[in-house]
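With the hints as extra help, turn the sequences into a complete structure.
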Amino acid sequence: MHTSITRNTLMSPSGIDRLLSLPQEHEIYSSFLDILLKFQDIKKFASEIHTEIHLIKPILKILGYTYESKPKFFDENIKNPDVALFADEQEKSRVSQLWGTKEYFSSAIGLLQLKRYGRSLDKGISGFYLEFENKIPIYQLFYILKNVKTPWGVLTNGRSWILLKKPYAYEKRLIEIDIEKALIDGDEETLHLFFNIFSLNSLKNVLPEIIESERKELINILIEKKASCRSSISGIKKKAEIYPKLIDTYRAFFPSERFDITESFLNEKGVKIEEHTHDAPTNINKYNTMDIFNYLFIKRGYEYKLNIEEIFLNNNATRLTKENLFRLKVLDMTPNLGSLSSQIIEGLSYLSFVLPYHERNTFVAEWEDEHSLKRFIIQNIMFGIERSHLMFDILTHIFQTRFDSGAPHYRLGNPLIGMSIKDILYYYDEKDQLGLFNKSPRDLINEIKEMYKLYFSLSDKIKEDVEIKKDMDMRLNTYKERIKDVMDVITASHFAKIIDSKKIRDLIFSLDSDALTWEHIRKKNWFLEAKEIANKNGFFHLEINFPFLLHNAFDYIFVQPTLSYIWEDEIPAVEATTAYIKRGMTYLKQEGKMIICFERIWDALIEELNKSKKYIYEIKENYIVVRRKLDKLFT
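In terms of my numbering, the sequence shown opens at residue 35 and continues consecutively.
Just so you know, the hints here were simulated from the structure itself, not pulled from any lab data.
Take these hints with a grain of salt, some might be off.
As the list claims (entries may be wrong) - Heads up, simulated DSS-like pairs for lysine-lysine below, C-alpha to C-alpha not over 25 Å straight-line:
#1 497 / 487
#2 303 / 473
#3 333 / 250
#4 473 / 558
#5 356 / 645
#6 627 / 645
As the list claims (entries may be wrong) - For each label pair, taking beta carbons as the anchor points, the in silico distance ranges come out as:
#7 56 / 303: 48 to 54 Å
#8 56 / 314: 22 to 28 Å
#9 127 / 183: 18 to 24 Å
#10 314 / 183: 54 to 60 Å
#11 357 / 307: 34 to 40 Å
#12 307 / 87: 46 to 52 Å
#13 127 / 393: 14 to 20 Å
What you are looking at is a predicted structure, and each value in this text was computed from that prediction instead of being measured.
Glycine included, every Cβ here is placed at the ideal spot set by N, Cα and C.
Quick look at the structure:
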């Protein structure tokens with residue numbers, strides 16, 4: 035990436051090279067430098083008005099625009115855009131009669147928001163009378179573009195310039211360039227690139243042509259790669275044989291990526307990945323990783339467009355505040371490559387901009403920074419269960435690229451195979467004889483629940499609380515591993531006859547035994563067989579992996595029941611949907627929603643949902659919202 039480009043999710047490196055190869059306009063670049071040099075004398079104390087008059091508007095003229103200052107926005111609660119950009123004076127005059135309407139903005143080629151020189155464009159600041167002005171600038175522009183048909187938006191503080199493409203959903207396709215670097219380094223190439231990104235001709239012709247050309251080129255590459263990929267795994271059923279071939283396909287696009295979880299699985303199977311040399315292609319933007327491998331590795335590769343406002347606000351934003359939003363817990367039961375999770379993260383970031391604080395003058399710095407905001411959402415709101423080692427690894431790559439974050443609450447496992455901790459109590463008789471010093475399993479489980487309740491109430495920012503949590507960690511982890519072993523053995527008993535009810539009872543009564551007893555148990559053949567079955571089938575016990583569920587539940591659960599990977603058999607839609615509902619609803623709040631996404635909604639599925647006495651459903655464009663019936667809720 036060119037050194038002056040600080041962010042780029044709009045085009046590939048080869049697209050940037052095409053811009054750089056365009057004819058040089060040395061006189062124009064000299065004019066840019068003159069404007070920048072003159073502004074250096076006042077930049078330290080320049081207000082927003084100074085920046086606009088002495089820097090932004092002179093540059094806009096050189097870029098070829100006719101512009102209108104402070105065009106009236108149709109939503110009175112929103113500050114007017116600073117500038118509307120037009121192709122010529124004739125077009126500007128033609129639409130002047132539409133002033134203050136959506137049609138006016140539809141006729142503009144771009145809208146510009148400007149800030150005082152050097153102000154951060156991805157962080158909000160407090161102190162403005164208008165609440166809109168306190169918020170993250172990139173979301174100010176994003177909000178306006180989302181509500182008009184203007185194809186482009188420009189955000190600038192005079193030094194950094196961001197070009198933002200009108201969003202399809204909640205994604206940000208943008209490119210950001212630092213033009214002061216040209217002045218500092220004496221680099222005319224930066225100004226050449228700036229002109230060929232932000233000029234009138236670029237927004238009207240050059241950029242649309244490059245973006246469309248790259249799209250067509252990528253489609254051709256993917257069609258060919260999809261055929262060879264599927265051919266390479268044809269007739270193979272074992273994941274240990276399939277994964278190495280798909281890793282090689284992935285590295286044809288991104289050669290340097292590692293697959294820690296997948297490679298660990300393959301090492302257990304005694305499979306070594308052959309290293310092939312691949313040159314990183316220059317016509318691929320890493321931001322497109324999800325779309326590329328959604329097409330290559332998922333059978334249907336259908337993209338669901340979620341209406342985040344409709345799902346989370348329920349058409350009544352007045353009830354919600356930022357604080358409400360950031361207390362939510364959301365589970366993605368089929369995250370695959372993050373096609374839903376990414377929309378939810380981006381969508382919640384956008385809702386954070388839309389929603390007010392509970393108290394008017396509140397300002398939480400972590401929530402008013404575009405990057406820390408998304409990390410906060412991932413680390414506090416989002417949870418996921420992915421069944422494939424390979425897809426889990428790619429998902430973490432995507433999160434790192436898009437959000438500069440790992441996926442701390444995403445786990446590997448099969449969300450449909452597992453049990454609840456309360457079900458342990460059905461596998462023993464409380465009248466059975468306990469050991470002399472053993473606690474009742476019921477009492478022990480209740481004690482562990484209370485320990486977790488205390489654990490989650492403690493702060494990570496108070497020194498005394500941190501010390502208490504550290505002391506609790508070892509004991510909680512010991513009990514968590516033992517309970518997980520018990521649940522694995524119970525679940526495995528449905529797969530293997532060697533595990534009888536007496537073994538299960540003895541194991542349950544051993545929960546509070548010493549470490550030596552457990553060391554002995556874990557060496558027994560029946561136990562080893564049970565754990566092998568658990569690993570092979572991806573047993574997943576939600577309360578063990580997400581202990582907050584011992585005292586809480588999810589507000590929203592998202593699932594794609596029919597999602598299948600190219601190495602898997604097709605999944606029957608009705609059976610899969612009912613299985614996900616049965617499993618997921620156990621961990622959903624009484625007033626919570628399950629969002630079930632479909633490529634199309636089958637009549638047989640509707641018939642099955644109509645039979646339910648517990649749930650009601652609502653059909654949307656490509657998803658169904660399932661909730662508990664109100665009479666059940668009131669009961």
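Quick check on a hinted range of 54 to 60 Å for residue 314 and residue 183, using CB atoms only. Given a distance of about 37 Å, which is not inside 54 to 60 Å, the answer is violated.
Restraint check for residue 303 with residue 473, where alpha carbons must lie at most 25 Å apart: violated, 40 Å
If you draw a straight line from the CA of residue 333 to the CA of residue 250, is it 25 Å or shorter? It holds: about 21 Å lies between the C-alpha atoms, which stays within 25 Å.
Pairwise hint evaluation, residue 645 against residue 356, where the allowed Cα distance is 25 Å at most: Not OK: residue 356 and residue 645 at ~38 Å, beyond 25 Å, violated.
Restraint check for residue 497 with residue 487, where alpha carbons must lie at most 25 Å apart: With Cα atoms ~19 Å apart, residue 497 and residue 487 stay inside 25 Å; holds.
Given the range 34 to 40 Å, decide if the beta-carbon distance of residue 357 to residue 307 lies inside it. violated, 47 Å
Given a hinted range of 48 to 54 Å, is it respected by the beta-carbon distance of residue 56 and residue 303? For residue 303 against residue 56, whose Cβ atoms are near 52 Å apart, the range 48 to 54 Å holds.
Is the hinted range of 18 to 24 Å satisfied by the C-beta distance from residue 127 to residue 183? holds, 20 Å
For the hint 14 to 20 Å, verify it against the beta carbon of residue 127 and that of residue 393. violated, 46 Å
Return holds or violated for the Cβ distance of residue 307 and residue 87 against the range 46 to 52 Å. violated, 60 Å
Given the proposed pairing of residue 473 with residue 558, does the C-alpha separation stay at or below 25 Å? holds, 24 Å
Hey, residue 627 versus residue 645, does the alpha-carbon distance stay inside 25 Å? holds, 19 Å
Going down the numbered hints, you'll see the structure goes against 2, 5, 10, 11, 12 and 13, while the others check out.
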